[in-house]
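Student: Single-letter residue listing:
Number of protein chains: 2
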Amino acid sequence: MEKTQEDVMSKLTKQDYIKGILDGNTIVLSRAITLLESTKEEHYTLAQEILQQILPKTGNAKRIGITGVPGVGKSTIIEALGLKILEDKTNKIAVLAIDPSSQLSKGSILGDKTRMELLSANSNAYIRPTSAGNKLGGVSRKTHETLLLCEAAGFNHIIIETVGVGQSETAVNAMVDCFLLLLLPGAGDELQGIKRGIMEMADIIAVNKSIENEKVSTQANKARKEINTALHYFPSKEFSWITKVLNVDALKNYNIDKLQETIDNFFNHQNQKGYLNKRRNQQDVSRLEETINQTILQNFYENDMVKQELTKWKQEIVAGKTTSYQAAEKIILNLKSKG
Amino acid sequence: MEKTQEDVMSKLTKQDYIKGILDGNTIVLSRAITLLESTKEEHYTLAQEILQQILPKTGNAKRIGITGVPGVGKSTIIEALGLKILEDKTNKIAVLAIDPSSQLSKGSILGDKTRMELLSANSNAYIRPTSAGNKLGGVSRKTHETLLLCEAAGFNHIIIETVGVGQSETAVNAMVDCFLLLLLPGAGDELQGIKRGIMEMADIIAVNKSIENEKVSTQANKARKEINTALHYFPSKEFSWITKVLNVDALKNYNIDKLQETIDNFFNHQNQKGYLNKRRNQQDVSRLEETINQTILQNFYENDMVKQELTKWKQEIVAGKTTSYQAAEKIILNLKSKG
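Quick mapping for you: the protein sequence lines, in order, are chains Y and V. Numbering follows my numbering, with no gaps: position 259 of the first sequence is 259. Count along the second sequence starting at 1, add 1000, and that's the number in my numbering.
Bear in mind the hints are in silico, worked out from the structure with no lab data behind them. Possibly wrong hints are sitting among the right ones.
Said to hold, decoys possible - Covered by chain Y, according to a simulated footprint, are these stretches of chain V (three or more residues, beta-carbon under 8 Å):
#1 1066 to 1076
#2 1316 to 1326
What the hints assert, rightly or not - Calculated lysine to aspartate or glutamate pairs in the EDC-like style (CA-CA distance at most 16 Å, straight line):
#3 Y/K314 <-> V/E1290
#4 Y/K314 <-> V/E1309
#5 V/K1321 <-> Y/E42
#6 V/K1084 <-> V/E1049
#7 Y/K244 <-> Y/E226
#8 V/K1321 <-> V/E1302
#9 Y/K222 <-> V/E1289
#10 V/K1321 <-> Y/E49
#11 V/K1336 <-> V/E1316
#12 Y/K330 <-> V/E1117
#13 V/K1307 <-> V/E1290
#14 Y/K225 <-> V/E1226
#15 Y/K14 <-> Y/E42
#16 Y/K330 <-> V/E1226
#17 V/K1314 <-> Y/E42
All C-beta atoms in this analysis are idealised placements derived from N, C-alpha and C, irrespective of residue type, glycine included.
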């Protein structure tokens, strides 16, 4: 009986996975990412073992986050920027797309492979949608681990794409070196739906769809200037970088080289001063502490006694019978005495 | 032997405190606030009992937070605004000033009573500096509890002042109904040192020191317009309020009536739609959850075993031997098995 590819793949040993990844074999890489995403305990254990083995080979990519509301042209920008980067034949790009809506609708991002046609046809590019997990911190962990696998597989540019209207941006910002925000020329318009904190995360802001009748439109120019003004009202960036704003147009291939140059300047600046390592170390430590905090608090709030106590005390507070501080003390005291 | 006032005061019973506060006796009020701030266990217990008794009489004030960097003219604005509010003889104002630096330097805010000369001479005004506690959540709890005591004492306007460069703004924002940010006409200037998130908390922004040669300066006008533009890049406010920006000059008494009117409009808008109660209920629930979370996490991190494990695993992470997620799992697992 002939073996199907599935049979062969499912027989991969841990060593096969590790070798395949380090060889840059994208079929094995995809398979390893699927392991990471699996909910089976044995897959989880295997994936974690693989991760630990490939860890020394990670950290060599430029990790770039790209966000913007639907319609801003993320895929078009990624395709244009990606092709530009791949003009240097030594470069390899992995694009990880996080779609918070994918669980329900299978989301639009899952169609990105079709939308980034030229990029996905390039053998030095690897495009992978990351469907949102349902666990606390699920998406960010899977995405971060996927990023590490891609680095071990030799991708020296990792682009993580989010839709800019959810919670994932903070998580992504915490795992990339450079955060790129895409806006539209109708900027200043609240319809842009930018979420709390996203503007101040941005290292680079690109106003896409800036070209009209073969030149930068008045509106796009105005948007760029307004954003520059607005940025003064945001706290200054860490690591002495001043957020850059530029007009681009991915469809018309305008200023994509400038965008690439700005990203390079950012990395040169960060590298020269040793900021890149510092940022990554900070990210690692925060990730450790946040994972611990989330786990501890999740355990606490999942406790049935806690749920009951909370409901009871919230009523007492709303009824004006106790302060929040007194209630908090009592809840914790009650649990200690009972638990 | 003659009794000193101190002797009399120290003999106050719980009932004396409660009656004194409800009668609006500011000497008893001050004494009760001192009890709140005391580190002695018996004082703490007594203060909490008093609080619980006066709770039904709280909630009737307009709770206003005012922040801005040193030099922006907070005291001058509070004095001008306060005197305006006190023109209505039925109004009573309490000003609580939080100075994060007070522990070290005894801070500049402690001098506010001198700086707000006219206001502090007014019998319907009560000014009280709140020195920063050294406990987690210390300042915010004491300030919130002080606010409640002031409300029970009949103050229908509570102004909480912070210096705008620390961590206290988030805490204050979580206990007031209306958050007022003061800026200078040199706006757009990063020297303003506005901290992360403060711009988006503001319900009202006043550009102080706007008058030059008896009219609003070009710079002050420009600042107001720029801030309005910048605000479009911040997420829209909850409770359908659009942040208002105005030029004022407290020393020259310019637009202070407009400021008061804007604050009144804000409260009318919030009251009409039932938003004020909704906001306060949300604040109560968040305060409960945050106090619980802080207490639980503080207990965790104070544990010696946790400290050792953290140090060890942070080294492993930096050395590239494990991921933050794996380390977090191991720390929690180790503690469960040992503890």
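Student: Output the numbers, in ascending order, of every earlier hint that fails for this structure.
Tutor: Of the numbered hints, 1, 4, 5, 6, 8, 9, 11, 12, 13, 16 and 17 do not hold.
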